[in-house]
Structures are given as structure tokens and as C-alpha cells.
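Student: This is what each chain is made of:
There are 2 protein chains.
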Amino acid sequence: MGDDSQLEPPPACHCTNCKMHLRKPVERSSFLMLRKLRQVLTAIDHTTDQIFEELEDYVARKTISSDVDYMPECLNALDMVRGRLEKMKFYVNDYTINLGRSVCSSDPLQKVLFADYFSSPTKNTLLIYTYLDVPKAKIRDGWLSDPFELRASDGLLYGRGVSTGKGMTVCWLNAIECWLKEHQDLPINVKIIVETLHEMGSTGLQQYMDIKKEFFLDVDVIVFGNNSWINDESPVLSCSLAGWATFGMELCGGDKHLEGLAGGLVYEPMIDVCQLMDSLVDNRQELRISQINQMVKPLSHHEWELLETASFSEYDYKEKLGIRRLRYELGKAELLQQRWCHSNITMHGIENCFSRPGSSTMLPMTVMAKFTIKLVPDQVVQQVHAHVEDYLYSKHEELKMGTTLRTYVLDSCDSFSWPFDNRFTKSTIRAIENVFHFRPELTSGIVTCLPIASLFRKHVNKPIILLPYTQRMDCSDVINESIPAQCFVNYVKTCASLMHELSMLSAKCKCDLIYEYCNRRGNAEILEAARSTMGPSGTRKNIILQIPKLSQSNDKRRDETENPLKKFLCMPFRRKKKDQETPGGSNERF
Amino acid sequence: MGDDSQLEPPPACHCTNCKMHLRKPVERSSFLMLRKLRQVLTAIDHTTDQIFEELEDYVARKTISSDVDYMPECLNALDMVRGRLEKMKFYVNDYTINLGRSVCSSDPLQKVLFADYFSSPTKNTLLIYTYLDVPKAKIRDGWLSDPFELRASDGLLYGRGVSTGKGMTVCWLNAIECWLKEHQDLPINVKIIVETLHEMGSTGLQQYMDIKKEFFLDVDVIVFGNNSWINDESPVLSCSLAGWATFGMELCGGDKHLEGLAGGLVYEPMIDVCQLMDSLVDNRQELRISQINQMVKPLSHHEWELLETASFSEYDYKEKLGIRRLRYELGKAELLQQRWCHSNITMHGIENCFSRPGSSTMLPMTVMAKFTIKLVPDQVVQQVHAHVEDYLYSKHEELKMGTTLRTYVLDSCDSFSWPFDNRFTKSTIRAIENVFHFRPELTSGIVTCLPIASLFRKHVNKPIILLPYTQRMDCSDVINESIPAQCFVNYVKTCASLMHELSMLSAKCKCDLIYEYCNRRGNAEILEAARSTMGPSGTRKNIILQIPKLSQSNDKRRDETENPLKKFLCMPFRRKKKDQETPGGSNERF
Numbered sequence: 001m002g003d004d005s006q007l008e009p010p011p012a013c014h015c016t017n018c019k020m021h022l023r024k025p026v027e028r029s030s031f032l033m034l035r036k037l038r039q040v041l042t043a044i045d046h047t048t049d050q051i052f053e054e055l056e057d058y059v060a061r062k063t064i065s066s067d068v069d070y071m072p073e074c075l076n077a078l079d080m081v082r083g084r085l086e087k088m089k090f091y092v093n094d095y096t097i098n099l100g101r102s103v104c105s106s107d108p109l110q111k112v113l114f115a116d117y118f119s120s121p122t123k124n125t126l127l128i129y130t131y132l133d134v135p136k137a138k139i140r141d142g143w144l145s146d147p148f149e150l151r152a153s154d155g156l157l158y159g160r161g162v163s164t165g166k167g168m169t170v171c172w173l174n175a176i177e178c179w180l181k182e183h184q185d186l187p188i189n190v191k192i193i194v195e196t197l198h199e200m201g202s203t204g205l206q207q208y209m210d211i212k213k214e215f216f217l218d219v220d221v222i223v224f225g226n227n228s229w230i231n232d233e234s235p236v237l238s239c240s241l242a243g244w245a246t247f248g249m250e251l252c253g254g255d256k257h258l259e260g261l262a263g264g265l266v267y268e269p270m271i272d273v274c275q276l277m278d279s280l281v282d283n284r285q286e287l288r289i290s291q292i293n294q295m296v297k298p299l300s301h302h303e304w305e306l307l308e309t310a311s312f313s314e315y316d317y318k319e320k321l322g323i324r325r326l327r328y329e330l331g332k333a334e335l336l337q338q339r340w341c342h343s344n345i346t347m348h349g350i351e352n353c354f355s356r357p358g359s360s361t362m363l364p365m366t367v368m369a370k371f372t373i374k375l376v377p378d379q380v381v382q383q384v385h386a387h388v389e390d391y392l393y394s395k396h397e398e399l400k401m402g403t404t405l406r407t408y409v410l411d412s413c414d415s416f417s418w419p420f421d422n423r424f425t426k427s428t429i430r431a432i433e434n435v436f437h438f439r440p441e442l443t444s445g446i447v448t449c450l451p452i453a454s455l456f457r458k459h460v461n462k463p464i465i466l467l468p469y470t471q472r473m474d475c476s477d478v479i480n481e482s483i484p485a486q487c488f489v490n491y492v493k494t495c496a497s498l499m500h501e502l503s504m505l506s507a508k509c510k511c512d513l514i515y516e517y518c519n520r521r522g523n524a525e526i527l528e529a530a531r532s533t534m535g536p537s538g539t540r541k542n543i544i545l546q547i548p549k550l551s552q553s554n555d556k557r558r559d560e561t562e563n564p565l566k567k568f569l570c571m572p573f574r575r576k577k578k579d580q581e582t583p584g585g586s587n588e589r590f
Numbered sequence: 001m002g003d004d005s006q007l008e009p010p011p012a013c014h015c016t017n018c019k020m021h022l023r024k025p026v027e028r029s030s031f032l033m034l035r036k037l038r039q040v041l042t043a044i045d046h047t048t049d050q051i052f053e054e055l056e057d058y059v060a061r062k063t064i065s066s067d068v069d070y071m072p073e074c075l076n077a078l079d080m081v082r083g084r085l086e087k088m089k090f091y092v093n094d095y096t097i098n099l100g101r102s103v104c105s106s107d108p109l110q111k112v113l114f115a116d117y118f119s120s121p122t123k124n125t126l127l128i129y130t131y132l133d134v135p136k137a138k139i140r141d142g143w144l145s146d147p148f149e150l151r152a153s154d155g156l157l158y159g160r161g162v163s164t165g166k167g168m169t170v171c172w173l174n175a176i177e178c179w180l181k182e183h184q185d186l187p188i189n190v191k192i193i194v195e196t197l198h199e200m201g202s203t204g205l206q207q208y209m210d211i212k213k214e215f216f217l218d219v220d221v222i223v224f225g226n227n228s229w230i231n232d233e234s235p236v237l238s239c240s241l242a243g244w245a246t247f248g249m250e251l252c253g254g255d256k257h258l259e260g261l262a263g264g265l266v267y268e269p270m271i272d273v274c275q276l277m278d279s280l281v282d283n284r285q286e287l288r289i290s291q292i293n294q295m296v297k298p299l300s301h302h303e304w305e306l307l308e309t310a311s312f313s314e315y316d317y318k319e320k321l322g323i324r325r326l327r328y329e330l331g332k333a334e335l336l337q338q339r340w341c342h343s344n345i346t347m348h349g350i351e352n353c354f355s356r357p358g359s360s361t362m363l364p365m366t367v368m369a370k371f372t373i374k375l376v377p378d379q380v381v382q383q384v385h386a387h388v389e390d391y392l393y394s395k396h397e398e399l400k401m402g403t404t405l406r407t408y409v410l411d412s413c414d415s416f417s418w419p420f421d422n423r424f425t426k427s428t429i430r431a432i433e434n435v436f437h438f439r440p441e442l443t444s445g446i447v448t449c450l451p452i453a454s455l456f457r458k459h460v461n462k463p464i465i466l467l468p469y470t471q472r473m474d475c476s477d478v479i480n481e482s483i484p485a486q487c488f489v490n491y492v493k494t495c496a497s498l499m500h501e502l503s504m505l506s507a508k509c510k511c512d513l514i515y516e517y518c519n520r521r522g523n524a525e526i527l528e529a530a531r532s533t534m535g536p537s538g539t540r541k542n543i544i545l546q547i548p549k550l551s552q553s554n555d556k557r558r559d560e561t562e563n564p565l566k567k568f569l570c571m572p573f574r575r576k577k578k579d580q581e582t583p584g585g586s587n588e589r590f
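Taken in sequence, the protein lines are chains L and S. Start counting the first sequence at 1; every next residue gets the next number (UniProt numbering). Start counting the second sequence at 1; every next residue gets the next number (UniProt numbering).
Chain L on its own, in the form it takes in the complex (with noise of 0.2 Å):
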């Protein structure tokens, strides 16, 4: 449904108000967006010095939102970016998430916010979902410097974060702000949302997704940063997302809990479950339903020579997770495959039996096994849940249990993958083209593991673009967390460049889905309303719709020699071939 492929040509639009024959014809106004899309990505090549002095800002926030006493950390990293985004006219709201941790009810709620930047209703309107919060990390972990505080490193930017959200996030405000300096207005219309409590599972963003739906209404698509490089040099453009389904399986034997020891008579629920599980599963700890295992999508042959080029070290591999053996003794390709493009079933625990330290008596007669089999294309929960449901009442009956069994599916979301020649991705594929000059890698086989995405997915329901920020990584507390910094750089222009291409397509009109869409005024309509008052020679700074002159205004900016990443940004740099190629002044600083 939420493809959008079908849209190119756009629909024809039946409104009387209609803005869409307005707009001049792309092949016109192509020349005049491309150079807007140069001036701006040299912009960002001159600003690489307060860009990373930013990033130093965000990472220095304890942002560890899994930790009630980093609360306030959170939340004043969230009232930055609000700043940041009014400077640059944006609407913005924020709405309070109770996570109902039994905490002091003197500890701050946390936020969420929802930013709007509304240009033109003859444009197409980008949701931009980033996040603050990251896991906890500290010195004595591993870290060769402090986690919290910005280093720089043989062309490597060093810090908790750099390679989530917050690096992310401060790419995307400096790619608005370098096209607003520019061009005092966006190509496109702009929404973010921007959380701090993305590693606690989103619980309270969820739940906005549903309440603020007029949010969504008019949104086209919406954009993830995705770890999705599969080695130092090649982007990797992602077109599915991985699903789940987590299943509760509860045994009953009796009413209520026995104590001491009372058994020999009853059937024991937890032997069940043990029982159950064990017969879910082979000695690899693979699924045995084979119906589900069959659902999968195979590989192309493009897909496993990707796999073949990717920078996987079993041995880091091993290393980061603090594991000793892997589940496969397998080449490369063959492990990636299994790690990245297959499903697999992950045991979470047990409800309502004794899980405290130490011993006891307790003979839990009522418990709740919890499991999560991962989905990938084109596995669908509902087909999977019937497959589950079929399997373990038949085994149960088969080994003649005398509990009761009852299966829950607790939470699910489907998989999900689209055709690389939907107008989005093509838009996407061309941004990418713009900043690397080489066509990014494509799949869909090799699956994207993005909950938030997915549950975008499913509770917006609009297309989607992954765009690719790094490389992938295994697990997200990484020590030493790290990022290229050209790499970081070419993001900031990526998201320009997106701008840019969305701004290429034709938008549809939307008044079947807010009134008088078309006859809204957004800021480009303004400008051009007080340009049209001037004349065309009118003094530009009295038309700027009173953005405040974003350089000058940002005070805390530190004397440059003072600055450790100058130090860094003058030394030399790993260069890359296909680096070499990026026009403007990159080359020169790297």
C-alpha cells in the first residue's frame, strides 16, 4: 500500500484549488536545482569545522536513556536540537513519554518531539526520524579515551554515538541549515521527529504514531540513517526491513502455585515449556517448522558476491559480542548469510516462574515462555503464527502433556521489502550518485534489522528510504564506537542531496487528505509573494522570512586553534579513490 511506485506519472488531481500545474515542469527547472544543490554541498564543505564541533556538543550529553539518572541528559540534548530547529523555522511540539520506571516522581518526563517545516504544498513532504540516546559506555569497558567526549584519530571520529544517532542527527540539521543559508528556504517540506528513547524500544513513540495521526497525513516518505555500508567503501542501499513475531506460550497445570516439595503427581509446567521449546528447535537451535524456513526469499547472485566484498571478521566478530564459538563453521558469505539474511527464533524467558537469586521451593504452576522468531521477506506473521500455532499444539498433543497450553502472538510486525525501481529509492540512488559519483549497492535479500523503521511501517504506513550512514555493526553498545569522518561528511551532503532529488519529483495533491491542502501558504510561497513586492532586484536580506543569520549567531564557537579536530582535520587522511572524486573543497581538507 505504501509503495509508491505507482505515482510516477503523478495522478491527475481533481481539486478546484489545485496548486500542482503551478509548478514548472522538472526538465525546466532541473539546471536551476542542481546548481542550488552544488552551491550548497560546497557550503558544507566549507563548514566541516563547526559541523564536527557539533557533533563534539552532542556527544559530550550523557544521553544513556537506559539509566533513569541520565534523564536530564536526555532531555537537554532534546532542548538543542529544539533550538536548533526553531532558528531555522521550524513549528515544533514535544510530547511527554511516561515510561513508568519506579523512579522518584520528581524525575522529569521524558520527550519526544515532533518539528514541522512547511515550504510549499506544491512540494513533497520528508519525515526525518532520528535519536539522542545511546547505550552506556564507559572508560573501564574498553575505551582507549573517554566515550563522552569527541576524538579524532587517524581519519576516524572516536565518541558514543558517532555512528547512530546522534552523528545522524547533526548531519541532518547542518544539510537543512547549509540549504536554508543558501537558498532561505528548503526544496522540500520537512518533519522530524527526534527521540531519546530510542534504545528503550521507542515504547512512547509508538503510541504518538497513533494519536497524532494528522502528523503523518501528508507526509510522502520517511527517512532512517542505516548502518548498512558493507565495508569502508561501499553504500549499501537497503530495500527491506526484518520483522518479528514474539510469541508467548503459557502452560497451565493448575490454579495456583504449589510450595515445597509437592510433586510427583502434577504435570509441571516449566518441564513443558522446557519440553516444547526443545522440540521447537534442532540441535543448530534452528527452527524446525519447515513451512516457515521455506517462506524465504533466495539470494540473487548480485546479493552473494555483495556478501563475498563485506569487511566481517569472525574473529571481531567473536570479539565484541564476548562469545566463544559461533552456531556455524561456515565461510564469510555463508555466516552473513545466516546472520543477516535469514530467520531465526530467540528464547527471551520465562513469566511468572522463580527468577530471583538463589533457591527455593516454589513449583510454578502457571507459566509463559516468551520467544521472538525473526522475520525476514516474505515471511508474514500471520502465516508464521498459524505455522506456530499448528506446530506446538500438535507436539503438545503428541507428547501427551497434561497442561494446558494457550499461544499469544504479544508483538509482531511483518518484513517488508520494495522494488529498487520505486521513485523514492531512484531519488535516493541518484543522491548518493550526487555525493559518491558511483551507483550505491542494492538488495533486498540482504535484510535491514531497523525496528523503529519497521514499526513506522506499520503504524504510518508510507514508503520508506534507508539511507545508508556507515557500516553495519553487530551490536549497538560497540566500544570504541566510530566513524570515517569523510564518511560522516559525505552523510551531511547525502542528506542534501536527498533534499534535492525529493524535491525532483512531482508531489501529489492531498486535499482528499487535509482540506485545502493545495491552498495552504508555506514559506516559499511568502518568499515569492515579498520577492514578487521587490522586484526582482529586491535586497535579499530583507526578504529572508527573518531566519536569524545562523553563523554569526552561533556563539559558542571556539577559537580555532584552540580546537583539537582542526588539529586533526589537518592532518593527513586516508584517501580513497572514489573519495578523490568528490568535487568542492573535501579534497583540500582531507
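Take these hints with a grain of salt, some might be off.
No copy is singled out in the list; a pair is fine if it fits within one copy or between any two copies.
Mimicking EDC-like on lysine to aspartate or glutamate, the simulated pairs with C-alpha atoms at most 16 Å apart in a straight line are [to be verified]: (1) Lys400 - Glu329; (2) Lys138 - Glu53; (3) Lys395 - Asp278; (4) Lys138 - Asp45; (5) Lys111 - Asp477.
It should be emphasised that the hints constitute simulated quantities derived from the structure, not laboratory data. From a predicted model like this one, the values you see are computed outputs, not experimental measurements.
Based on these hints, arrange chain S on the given structure of chain L.
Tutor: Okay, now just chain S, sitting in the frame of chain L:
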């Protein structure tokens, strides 16, 4: 070691001041002693109304130890016992117990009473264990009347605790009181331990068994009330105790838990836990380790016959426990053999996994499953441990598991049985015969599950008497808990009779354990000295060691006409043939 059967005849005493030779030979005093016992039994028959009233007072106390709110009630009940014991010249100590429950610091700590009545170094010392707490009970659970209000109906006494600790405590207090009222001294030395945390596993008491070693030094035998009647008419004297071995089976896949859909390549400990647990049991949930099952002592022909006479209804059993089906479709005796005479395995839960309500994405990487194997004679912890460890490690190897296995014994206590011709067992048989006029059934194959007795056995290591109180119960929180009034009165008499019988056993000199024990003066010696001063015709009233006039001092006794129990006691009572043979006034009353 604690088996005392080799003590007859008593060993020669080598201490210089030994008073053992002062003791009159058993043959000469037995007639006198038997007359004394008859006086006490008659006195008990004459005070049954007051005994029931006291039971009513105790039942009214909501001593629910599992609920923090009722901690003050537990302390109040303990104070009632303390007052009673102090009136009877017991020397009472209390020790505080910190359960470490996360409640307000203002909540009172629980206590355990250690009381001591020392009559003479020439007498045996009996330690009585009893308790006052009960499982929770509410009318809405299915009680026909308020569980904390004693109700008499059809010859049964209903109320929470009547068939457990509260009932037994009242019986012992009154048996002692009647003996003191009749003879101003007890025939033996008595020590009593009263606790209010029995239902919570007697945590604090276990600790004091080790700390207060000196309290237990001169104890000859410990008596526990035992719900071991196999039907309405057969008190069963059990000579065996079940033990247990609680294991922790830790499976470690990595150093830290993973989050999200991180599985696929790592071995997941939760799945391995289920596979190992499944390998431990068969489809009937019976332990697969045959060596452990083979250790069980077979039942004698007589014990089989005993099981056949048991009053057990499969329907009632399932009803009480709220279960639908039993693990076996067998006849009554075979079912009871499985329940009472066999070993079994119970799984309590898994530590360190996700055990809260709701769904999770957690992938636990180190978990510990906990299970207990109930031990019956002659299963020994050490051997069972070795077999379980062998089995698990070889299965772990056989299944080629990628996680690391470690096993722990979290808690254990050996099973234990003692011969029927043990001198304390023989005394107990005679004590029961004195009241019931027939020999109780004896068994060690039908195993008593009384963890507190097993713990005393483990920590204190003294001979044990399991004095049959009322019928076996299937669970501790039985609805409409009751005891036949006649059975209750007979237990008071059995307690008195047991004291008499133990006084007939020659005591051993304890000077090797306690310095100059034989030189200690007890109440008997003081009484003797006073008597000899006053001459044989001395006025009794002046020499009764300040023991208060118990019946008069009890101000709380209500008007007999208002007492609902009085009405019940005047009602016709279900007469049993054997009961009619009971001497004294009970026939007039029931």
C-alpha cells in the same frame, strides 16, 4: 550418628559428680509414674473447654507470614506463647530475624523463641519444635466461614492453622500445663522453639541452629508434630524424612546480554537450557537418570497394605490443587507410592532471563535454571549430585552445545531414616498406645516431607520423633482446614504421654558436653530440697516453686454459656470404636 538406639543400656558415666546413680531404677518407679500420667490425662479431659478456647484465641490471630502487613500479628501471637511459657517457669529467650524484605524500616523484625525448662540433670531433655504462622486464607477462596474464627461442626474444628502449627502449639502448651498443675514439675527437661516463619522456609531459624549451638547440646531428642495419619483411624509413626538437592544449571553463551534481533550466529543459553532440561526427564516428567531411581528403598508388604487403607480421593486431591489431570492413571496405592515414596524432579525457574510481564527483545547470554530432586531413603545427596553432574555434562557434550555449562548445588539435605527399634521410637509407640490403646502403624517407606525436621537433623543432628498429629495434607493452604476435635484432644494426651515415656528412659550423663552438667540444680532438685525441709507432710501450696495458679490467673476465659464451642461440645459427636476405649472423661463430653 544421631541414632540413639545403641544407648540402651546407658554407658557408664565417668564424671566424678555424676548423679545418674541417684536415679531410682526404672522398674521401681514405673508404677508411680504411670499413676502420675493417668492423673494428667484425666486433668486434660477436664480442661478440654479451656484448651479449645485457647485454640480459638490463636486461630483469631492472622499470623500470615508471607504478608508483610501481618508481621505485628505474628509477633503478638509469639508474645502470647512467651507469656504462657514464662508463667510455667520456662526461661525464654528471643532472637530477631531480618528477612530482608524490601519494606519500610519501621516494620518490626520477626522473632524466634528459644525456651527452656530444666527439671533435673538426671532426666532426658526433649526439644519441641512448633510454629504459629499460617498461609493466607480468605473467605472468598471457598471457606464456609471466616478462616480466622474457630468453628466447630460435625465433630470437626475448622480454622486456619488448626491442623498445623497453631493446633500443635496449643496441644503442647496444655499438655505441659496440665502436667505442671498436677505434679508441680515435669517428668523430663523440656526445651521449646517457636517460630513464625515456618511458611517462609524458616530462614532465620536455620541460622540460629548454627549460632546457638549450646542450646542444643543437652537435647536428647527432638519432637515434631507430623500430619501422618493415613486415614481417620490410623496414626502412623513415620521413621523417615525426605531430603532434597536443589541444582543450579548455568549456561553461558557470552559476557553480556544482547538486545534486539541479534541472534542467528550465537548459541542462545535459553534454548540450551530447554534442551538439557528436556533431556533430564521423559514424557511422564520422570527423571531419566536410572542410577538415582535405583537407590530408592523398596516398600515392604505391610507398607503396601497401609497405602491401600489410606483415605485418599483422586478427585479431592485434584480439586484441592486446582489441577485437571494427574501424571499417572493408577490405583490409589500406586498413586500414593508415586507421591509419598518416590523421588521426583521439580523445576522452579530460570534466573537472569526476561521474566517480567510484557514482551522483550532481550537475548539473555548467561542464565541459570534451578531444579530440585526430592530425595527419599536411601538417596544420598553426594551420589545424586555426582550422577546429575555426569549426566548433564555428557548430554552437553553429546548435543555439541556451544554454551558453557556449570552446575551448582544451591541447597541440599540428605534423606534420612531410622530403625523401628530405636529407643525413642519405642517410647513413642508406648506413648501412643497409652492414649489410643492400640499400636500405631510404623513406616519408613512412606516418607515424611517435613523440611524443618530435615534441617534440624542436618544442623543439630539429634534423634527425631515425628509425633502423628492429624491426617496427611496435600498442600499447605488447604481450604476449610480442619481437624477432628477428638484427634486434637488425643494429641494433647499423646504429648503428655510422650513426656511420661521419655522420663522412663534412662538419661545419659552430659558432663562431657557441658561442664559439670550433673551438678546443675533443676526444679526437681529444688522441689526435693523444699520437700525434705518441710517434711513428708509439708503443705503443698508453699513449695510449688511459685508456679502461678494457672487456671485462676487466666482472666480471659469467657462465660461458658456464651462460648460457641461449648454448644458444639454438647452436641453428639461421631463416635469411633477405638475412641470409646479412651480413658477419662472424654466419652462424657463427646
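Student: Take the hints in turn and mark each one as holding or not.
Tutor: Now for the hints, and whether the structure bears them out:
{"no.": "1", "hint": "Lys400 - Glu329", "verdict": "between (37 Å within a copy, 13 Å between copies)"}
{"no.": "2", "hint": "Lys138 - Glu53", "verdict": "neither (22 Å within a copy, 66 Å between copies)"}
{"no.": "3", "hint": "Lys395 - Asp278", "verdict": "both (11 Å within a copy, 14 Å between copies)"}
{"no.": "4", "hint": "Lys138 - Asp45", "verdict": "neither (33 Å within a copy, 75 Å between copies)"}
{"no.": "5", "hint": "Lys111 - Asp477", "verdict": "neither (23 Å within a copy, 48 Å between copies)"}
When the structure is compared with the earlier hints, violations turn up for hints 2, 4, 5 and for no others.
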